[in-house]
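K.L.:
Assemble the whole structure, with the sequences as input and the hints as a guide.
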Amino acid sequence: MTDSKPYRPNVGIALFNAAGQVLIGRRFRDDGPEIILPGLEWQMPQGGIDAEENPREAVMRELWEETGVTKADYLAETDWLVYEFPPFAGASSHRLAKFRGQRQKWFALRFAGSDDEIDPLTPRNGQPAEFDAWRWERLDRVADLVVPFRRDVYRAVAQRFAGIA
1 MTDSKPYRPN VGIALFNAAG QVLIGRRFRD DGPEIILPGL EWQMPQGGID AEENPREAVM
61 RELWEETGVT KADYLAETDW LVYEFPPFAG ASSHRLAKFR GQRQKWFALR FAGSDDEIDP
121 LTPRNGQPAE FDAWRWERLD RVADLVVPFR RDVYRAVAQR FAGIA
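Mapped onto full-length UniProt numbering, the consecutive letters of the sequence shown carry residue numbers 1 to 165.
Be aware that one or more of the hints could be misleading.
So the derived label-pair ranges between C-beta atoms look like this [unchecked claim]: (1) Asp119 with Gly20: 21 to 29 Å; (2) Ala91 with Lys71: 35 to 43 Å; (3) Asp115 with Ala51: 31 to 39 Å; (4) Gly113 with Ser4: 23 to 31 Å; (5) Arg103 with Ala165: 21 to 29 Å; (6) Lys71 with Pro6: 27 to 35 Å; (7) Ala162 with Gly126: 21 to 29 Å; (8) Glu52 with Ala19: 30 to 38 Å; (9) Pro55 with Ile164: 15 to 23 Å; (10) Gly20 with Phe149: 21 to 29 Å; (11) Ser93 with Gly113: 33 to 41 Å.
Lysine-lysine pairs mimicking DSS-like chemistry, simulated, CA-CA at most 25 Å apart [claimed, not checked]: (12) Lys5 with Lys71; (13) Lys105 with Lys5; (14) Lys71 with Lys105.
Simulated from the structure, these hints should not be mistaken for laboratory data. Glycine is no exception: its CB is placed at the ideal position from the N, C-alpha and C atoms.
P.N.:
Have a look at this one:
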């Protein structure tokens with residue numbers, strides 16, 4: 001039963017540039033519970049919190065793993081937010097199949113580097129690349145670019161960080 005599964009502890013990253021836009025990546029197709037729909041493959045970076053990490057450590061590691069960015073300053077964070085994965089009939093061995101969804105703490109960071117430092121295609125830390133492209137976007141528009149099961153969380157993040165944009 002899906003409801004008996006735990007939520008995966010996770011961090012999300014709203015990386016703001018000087019113009020107040022956030023970095024979004026276009027995800028590679030996935031065969032797991034976070035199935036990507038055509039036209040809705042964009043999202044902000046996010047990832048799991050390792051057992052020995054606190055959320056602030058995890059956010060910087062995930063930012064580097066997914067984008068190559070190492071220069072970012074802390075601005076704010078949300079309370080914990082959750083979303084449920086859609087029904088998943090795939091392999092029970094998939095890394096996310098044991099979870100019902102994600103429990104996320106989102107961080108607003110200010111990018112302190114230059115755009116040419118952003119590289120989502122290079123695998124880092126033994127993790128495969130998750131994005132095949134990236135761009136800057138207005139935070140209030142990102143919820144319309146993500147898969148439907150993430151939209152409520154993205155709207156909450158946009159509301160919480162609206163003063164930053």
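K.L.:
With reference to the structure, classify each hint as holding or not holding.
P.N.:
Here is what the structure says about each hint:
1. Asp119 with Gly20: 21 to 29 Å: Distance hint for Asp119, Gly20 holds at roughly 23 Å.
2. Ala91 with Lys71: 35 to 43 Å: holds (38 Å)
3. Asp115 with Ala51: 31 to 39 Å: holds (34 Å)
4. Gly113 with Ser4: 23 to 31 Å: The hint (23 to 31 Å, Cβ to Cβ) is violated, given that Gly113 and Ser4 are roughly 43 Å apart.
5. Arg103 with Ala165: 21 to 29 Å: holds (24 Å)
6. Lys71 with Pro6: 27 to 35 Å: Once the Cβ atoms are compared, 34 Å apart, the range 27 to 35 Å for Pro6 and Lys71 holds.
7. Ala162 with Gly126: 21 to 29 Å: For Ala162 and Gly126 the Cβ distance comes to about 36 Å; the hint is violated.
8. Glu52 with Ala19: 30 to 38 Å: holds (36 Å)
9. Pro55 with Ile164: 15 to 23 Å: About 18 Å separates the Cβ atoms of Pro55 and Ile164, which means 15 to 23 Å holds.
10. Gly20 with Phe149: 21 to 29 Å: Given a distance of about 27 Å, which is inside 21 to 29 Å, the answer is holds.
11. Ser93 with Gly113: 33 to 41 Å: holds (37 Å)
12. Lys5 with Lys71: Roughly 36 Å between the alpha carbons, so the hint for Lys5 and Lys71 is violated.
13. Lys105 with Lys5: Distance of about 19 Å is within 25 Å: holds.
14. Lys71 with Lys105: Holds, because 20 Å separates the two Cα atoms, which is no more than 25 Å.
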